[in-house]
Amino acid sequence: MERWIIFAEKKCIGCHSCEIACQLQNDAPPGLRLRWVHTWPAGKSAQFSQRRISAACFHCDDPSCVSACPVRALRRRADGVVEHVIERCIGCKYCLQACPFGVPKFSSSQQVIRKCSFCIQRIDDGKEPACVSKCPTGALTYQPSGALEKDLNAYGKPERLHMVYALQNEAGDYNLPVPVPGNAVKRLQILKWLAGLLPGGFLLFYLWRKEEASKVKNE
Amino acid sequence: MSEIQWGTPIAVYLFLAGLSAGAFSCTALPGRGDAEGRGHASQHTIALLIPFMLAVGIVMLILDLGQRISFWKLLINFRLVSPMSLGAWILVFFSLLSVIWAIVLIPERFRSLLSRGPKWLSRLQKIDRKKIGFGGSALAVLVAVYTGVLLSSTAVPLWNWMLPLLFLFSSFSSGHALEFLANLRYDAREEPSKAQSEKRRLQPYRVLLIGQLLAVLAFLLLTSLTQSREVVLHLICGGIGVLWWVGAVGAGILFPLIMTCYRGTHAWVIFAALFGELAGAFIMRWSILIAGQI
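Respectively, the protein sequence lines represent chains A and B. When we follow the working numbering, the leftmost residue of the first sequence carries the number 1, and every step to the right adds one. When we follow the working numbering, the leftmost residue of the second sequence carries the number 1, and every step to the right adds one.
Because the hints were derived from the structure by calculation, they are not lab data. Hints may be right or wrong, so weigh each one.
Straight-line alpha carbon distances no greater than 20 Å define the calculated EDC-like cross-link-like pairs of lysine to aspartate or glutamate that follow [said to hold, decoys possible]:
(1) K157/A <-> E87/A
(2) K105/A <-> D64/B
(3) K186/A <-> E212/A
(4) K73/B <-> E87/A
(5) K93/A <-> D128/B
(6) K150/A <-> E19/A
(7) K215/A <-> D64/B
(8) K130/B <-> E9/A
(9) K11/A <-> E128/A
(10) K105/A <-> D128/B
(11) K131/B <-> E212/A
(12) K130/B <-> E211/A
(13) K93/A <-> E3/B
(14) K131/B <-> E19/A
(15) K127/A <-> E19/A
(16) K73/B <-> E83/A
Nothing here was measured: the structure is a model prediction, and the numbers come from that model.
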């Protein structure tokens, strides 16, 4: 059964409660935010009209970070949550380069990657994620099972991201990549290998032939 | 400006892994060495240098890890989809083979020392050189290509799928440059007929440099066509741009390419061209690595 967190911008007041709850729940080092609230002025009166987003790991359906991780420290659970096992992480930062949303952060105090854990300990105990439970306006909601509402128009819903965003403007206005990017590690990887290996094979063949010919001439 | 997560140690690693791969494939060519299958002095030197360069590169890689003492976890996991996991294994096999290669090519005067060691050391010397050379060259291509695939299989817009090809040509040409550098020293002592064979070797080197130049152009063209202007400007303008054009393209490709067209050039100019090629290969990797993360 898949789980989702839904962000509804129209209910968000930008209080940062979700951010603080996340920091405390995940014992994140100071200065390293696993959830962050961004605000942008919208319209003429910036104080009263703002665009807001409370962002964290998107828990992609086919996550780049999971494909990139060489030591299986990142894995996708059956419920769609992308879990990071800190004890396994070697801090190679490859997931950081692979994530198209720039989500994983390197903790210089812990020397490992940190990212939103979807509060798996809480949800496995039947509770809501910390950010959802502390949101005073219901801008963040948790759906522990089933499919998302059909009439919900949210960024990431068709692509089955498990953190989706019901926004009031275009996704590009919130610095979200459009269209929703797929798995950057798997994408055309075979082509990338072939782009090097085929010319490499020809190059070796050419150099060996050339050298054989040169050797015969010398002898 | 974003934080640079992969810095100079990774650039050094990419350079040394590529240089080792290129140098191996160069020393393993069937025409290197004499008719009895023994290598000449420059070949011995490079064969001994390759495991050392790989070791320095691997140390750089480990130093860049957050959890340095956990690097062994790379060797108990194998993930075909992760270029880093695949590359770690390719590097392990290539390193082992490069050590065997160094033992096989050990100079005649040191062979008596080996016979005093364990039996397997002497047995290693009886392995067919050509087979190890060919197997190692195939692995060398994999190492050179993997460094490009490692970067291009990310979400970084600058690191596109031309990098495996670019790093391949850069590795091979820098490997050839290293061999020429070693020959500059040794040829003076050896017979004059070597000079003639060196001239013949210039042609494949020129082909590699032209290939590298074309790969650079293809890389820039692909980036300009598929990404926003800012992405390519980070590489070709500003401080990194100066390094890119003067170091990677000028000293690393154009200068040695021009030098291959002249005969009777002073040894120090040739030395400068070959050293420029090696420095350019490093600067190219460093510029691409850093400009991609800005």
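Item to complete: Could you tell me which of the hints above the structure violates, numbers in ascending order?
Response: Checked against the structure, the hints that fail are numbers 1, 3, 5, 6, 7, 8, 10 and 14, while the rest are satisfied.
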